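Keeping their order, the protein sequence lines are chains W and H.
Sequential numbering of the first sequence, starting at 1, is according to my numbering.
Sequential numbering of the second sequence, starting at 1001, is according to my numbering.
Hints in this document: simulated from the structure, not taken from any laboratory.
Since this is a predicted model, take the numbers as computed values, not measurements.
Any given hint might turn out to be false.
Stated by the list, open to error - For lysine to aspartate or glutamate, the following DMTMM-like pairs were computed, each having C-alpha atoms within a straight-line distance of at most 25 Å:
id	chain 1	residue 1	chain 2	residue 2
1	H	K1086	W	D672
2	W	K87	W	E275
3	H	K1086	W	E275
4	H	K1092	W	E275
5	W	K832	H	D1057
6	W	K803	H	D1009
7	H	K1091	W	E275
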Amino acid sequence: MNPVILSIVFVAYLLLLFIIAFKAEGWKWKGRKVTSLPMVYALSVSVFCTAWTFYGSLGSASTGSINFLAVYLGPTIMAPLGFLFLKKLVRVCKLQQITSLADLISSRYGKNIALGSIVTVCCFIGIVPYLSLQLKAVSESFRILCGLSFDYKGVDTLALVISFILIGFTVLFGSRKTLTSEQHGGLLAAVAFESVVKLFVFILAGLVISYLAWSSLSVDLSANKIAYGFASFFKENDTKTFNFGDWFWVALISGFASLLLPRMFQINVVENDSEHNLSHSVWIFPFYLLLINVFVLPVAYAGYLFLGNSTTVDYTLLLLPLKFNLPWLAVFVFIGGISAATSMVVVETIALSTMFSNSLVIPFLARQANSNSKISSIGNNTLFIRKFGVFFTILSAYLYYEFVSHYTSLISIGLISFVSVAQFAPAVFGGLYWKSGNKYGALSGILIGFVVWFFTLIVPSLAQNNILSRDIIDYGLFHLVWLKPNSLFGLEGWGSIAHASFWSLLFNFGCYVVVSVWTTQTEEEKAQSELFVDIFKYSEVYESSVVYKGVAYIPDVKALLANFVGDVRASNLISAFSKRHKIENDISAKADPRMVAFVERTLSGIVGSASSRLMVATVVKEEEVSVQELMGVLKESQNLIALNNELKRKTVELNNTKSDLEETNRKLIQLDELKDDFLTTVTHELRTPITSIRAFSEILYDNPDMEIEDRQHYTNIITRETERITRLIAQVLDLEKYESGRQKLHLTRFDLYDVVINVVEGMQQLIAEKQVNVNVAEFSFMIVADEDKITQVLINLISNAVKFVPSSSGEISVDSSIENEMINLVVADNGKGIDPQFHDLIFDKFYQAENQTLRKPKGSGLGLAICKKIMLLHGGDISLKSIPGQGSAFTISLPINRELSYE
Amino acid sequence: MNKILIADDEPNILLSLEFLMRKSGYDVFIARNGSEAMEIINRDKPQLVVLDIMMPDIDGYQICSYIKSNSELADCKVVFLSAKAKESDIKKGLEIGADAYLTKPFSTRVLMQKIVELLK
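Chain W with its partners taken away, still in its complex shape (with noise of 0.2 Å):
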C-alpha cells in the first residue's frame, strides 16, 4: 500500500479524535452531556486493552497456547472486589484532590515527599518499555501494511515522528488546565469512541477471516482433518502444560494493574465524575474483556493454517487480511491498532506528567520556595512542567524503544509493567484498610518489590543480550546458587511471571507489614490514616471542620492560591467557600482554619499534596495538630451530623404522631354522625307509632258518640302501635348488646333442620291464618351455634316472609347447602320482592340518614339489622336476592366445621 495515503489516514483518524476531544463537551444525548454517560464512561475504562491486547493476544496465542486469558481474566474476577475498592478510592481522593497514584501513597502516608517521588520513578521505570511497545506497534503495522522492511538500519525515522505526534496530541489533551483534578471531558468521550473503533474492528476481523478460512478449507479439507489440524494447532503450540501457578500469578497482577496502572487511576479516579459511574463499568468492562478475546483463538487457528510459522506471528490480525487479498480490512485493523496504542499513550502519558510534575518535580521546587514570590514563579511554570513531563515520557519511550528494546524480549514486556505496577497493591490497599500501615512500610515494601522485580525479570534479559555477564543466570550472583534471577531461593517450576510476581509481592507485603508494626506514625499520618481508613464515616464531615491550628491571613492565602488559578478564580473560590460555610472573608482577617484546609486541598489538586501542604506551610504559622484534636474536631462534627439526624427522626415522629391524631379524630367525628344518624332513626321510628296512638287518643276523645266497633278498632290499633314501640326499644338495647361486643354467644351442638321445624311450628297460627304454604326441604347439618340466637334469626326471616306474601297463594320454602366450606339457609317468598337500591340498606340500621328521603320498606325495623350482626358473630353472613314482583330469597351462611371448643 501506497504510504503516503495510508499517512493520510493515520492523520485524518488523529484528526477525527480531535474534532470529538474538543467538540464532545459540548454534545448531548437525552437532555445529558455526552461526557458525564455512564456508558461513555464505561467504554473509557477499556482504554486497558491496548496495542498489546489488540495485535499481543494473538501473538501469544500463536506461540504460548491460552495462557494470554489470564490477562483478562484476572481484571474479570477481581471487578466486583475492584467495585468497592475503587469506591472508597475514589472518594478519598475526590475529597482530598488527589490526583496520582504517586499523590496518593505519598498523601496516605503523611505527604511524605521522598515517597511520592520513589513512585513515580518507580512507574516510569516499569512504564516507559510498555508506553515503547505502543510505539513500536504502530510503526510496524505501518511498516507490514506498505510492505516496508523490518530490518531497516539506524534511527526508526516514522517512530520519532509518531512519538511527536503523540506529544502534541496528549499536550492538546491533557495539559492545557493546571486543575488536574478537573476532568478532561474531551478526552473520555475519544478514549470511549476509541474503544468503540478496536472493538468493532477486531470483531469485523475476526467474522471475516473465520468466515474465509472456514470456507476455504471446507472446499479441500475434511472435517475430520479440520478437527485434527485444530487438535495438532494445540499440541504443537501446548509446549508448557497448563500451571496453575502461571494462571494464578498472571491473573493476580493483571487484576491489580486493572486497577493500578496509571493510566487505569487517571479514568477510574481522576476523569471519573461520580461514584454512580462505578456501578456501570463493574460490568460493562468485564463485558468487553470478553468480547474482545472471542474471535482471538479463532485468527490464530486462520493464522497458523495459512501463514504458517511466521516470524511476525505478533500481526496475524494484519497479515491475515492482506493475504486473503483484503487491504480495506487491513487498513481497518490499523486503525483499531492505532486506536488501542494512542489511547493508552495518551491517557497514560497524562498521568505520568502528573506524577511527574507533582511528585517529582514541583515537591523539589517548594522545598527551596520560601517565599511567595518563589511559590509564585512555579505556579507560572506548572503548566510547562507538566508539557514538559509529557514531552519527556514520550520521548523516553521513543528511546527505549530505538536503543534498549533490540537488546530485550518484547514479548512479555506488557506483564512485565504489570509486575511493577502490582509492587504498590500492598502500599495501597493497606493505606485504605490497614490503619496502622506507615511510611516507612510503604518505602521498604514498594523499594524491595522493585528490586526483586529488577533483579528477576530485567536483569535475565541483560545478562541474555549480553549487557550483564551470563554467568548471573547460570551461577547465580555473586555466584551464590541460591541468587539466580530464574529460580530465587531454589523456585523453580513457574513462569518468569509468575516467578517474579510471588517473590516480588512477597518481599513487598512482608517488608511493608513487618516494618510498619515495628515502627510509629507521626500525628500526620496517624490523621491521613484514620481518615483514609474510615473515608465513608468522615466524608460528610469532612470540608467542614478544622484540620489546621495556626495563624493565617487571608490575603496570603488568597494571594497563594492565586499563583495558580489566578487572581479572579482564587477571589471567586474563596469567597464561595466563605459563603457555604458561613465565615468571615475580611481583607484584614484573620483565615479561618477551614479556609486554610481547602486551599490546600485546592492546592493538592494542582501540584500534589506533599508540595501543596509545603506552600501552605509558608504562609501560615502553624503549630502540629494532633491526631487526637483532629479527631476530636471530627468527631464534634459527626455528633452534630448525628444530633441533627436525632431532629430530624423526631420530626418525623411528631409528624407520624399527628396524623395518627387527625386520623382518631377524624374516625370519631364520624363515630358521632353515625351516632347522630341512629338516634335520628329510632326517634323516627318512634315518631310514627306515637303520631298513631295520638291520633286515634284525640279522635276517641272528640268523637264520643262513636260507633262502638269503629271504637274498638281505634283502640287496638292504639294498643298494637304501643306494642311496637316496645319492641323497637326491645331491638335498641338488643343491637347496642352487639354493638358494644357485650354480646356473647351460647355455642352448642345441634341440627340446623330441627331449629326450622321448631321456628315454622311455633308460627304454625299465623301461617294457617294466612292460608300460607310453607315447604321445608329434608336436609340436616350438625352445626355449632347459638341455638336461641339462630331461632331469632329464623323467626325474623320466616315471619317476615309470612308478613309479605300474598294470602291464600303464599309460598315459602326452606332448603340449606354447602358452599364453599358454608352452610347455606335459604328462606324464599313469592311475595313482592324488595326493590334493588335496597338490597343493602335493608341490613343497615342508619338507613335514615340525614339526607335520606326515601324509605325502606316497612316492617323490617331493625330486626335484620340484628339478624345481620348475629350471623357475623358466628363468622357467617346473611344476604338478599330479590326480583320486585316476584319474590324474595335470603340467604344465611355459617362456617362448616366449628369446633364446640370455640366458646
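Got chain W; can you put chain H on it based on the hints?
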C-alpha cells in the same frame, strides 16, 4: 266540596286522617306512596294535599315541587306532615313552597284548623 289528598305510607295514619277529613265533610283521596299521589294529583286536582315526606318511591319534597311548579295546580295547597322535625327540614319544606309544615306526632285539632284556614 273541597277535594283533599292524603299521602302517607303508614296505614294507621292514613286511617286516622281519612276519618278526620270525612267527618269535616271533605272529599278524601288516599295515596299509599308517591306515585299513587302523583296520579291522583294529576287526575283529580285536589284543593289540598297532606304530604308525608318519607315515602318508598317518590318523596314528598319532589311532589310538592311538582305541584308548585305546575300552573294547572296553582290553587292546590300543600301541608307537610312529617316525622322529620329538624329545623333544616322544615325550612326546606317551606322554601319549596309548602303552605304549612306540621311535625309528627301532630295535634288533630291544629291540623284541621290549618286546613280550614288554607281552604277559606
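Right, here's what the structure says about each hint:
This hinted pair checks out: K1086(H) and D672(W) have alpha carbons roughly 18 Å apart, not beyond 25 Å. This hinted pair checks out: K87(W) and E275(W) have alpha carbons roughly 6 Å apart, not beyond 25 Å. Proximity of K1086(H) to E275(W) is assessed by CA-CA distance (about 70 Å); at most 25 Å being required, the pair is judged violated. At most 25 Å may separate the alpha-carbon atoms for a hinted pair to count; K1092(H) and E275(W) exceed this at roughly 70 Å.
Restraint check: the Cα-Cα separation between K832(W) and D1057(H) comes to about 15 Å, which is no more than 25 Å; the hinted pair holds. Taken as a hint, the K803(W) and D1009(H) pair is honoured in the structure, with Cα atoms around 16 Å apart against an allowance of 25 Å. About 72 Å separates the Cα atoms of K1091(H) and E275(W), which puts this hinted pair outside 25 Å; it is violated.
In this structure, the hints that do not hold are numbers 3, 4 and 7, in rising order.
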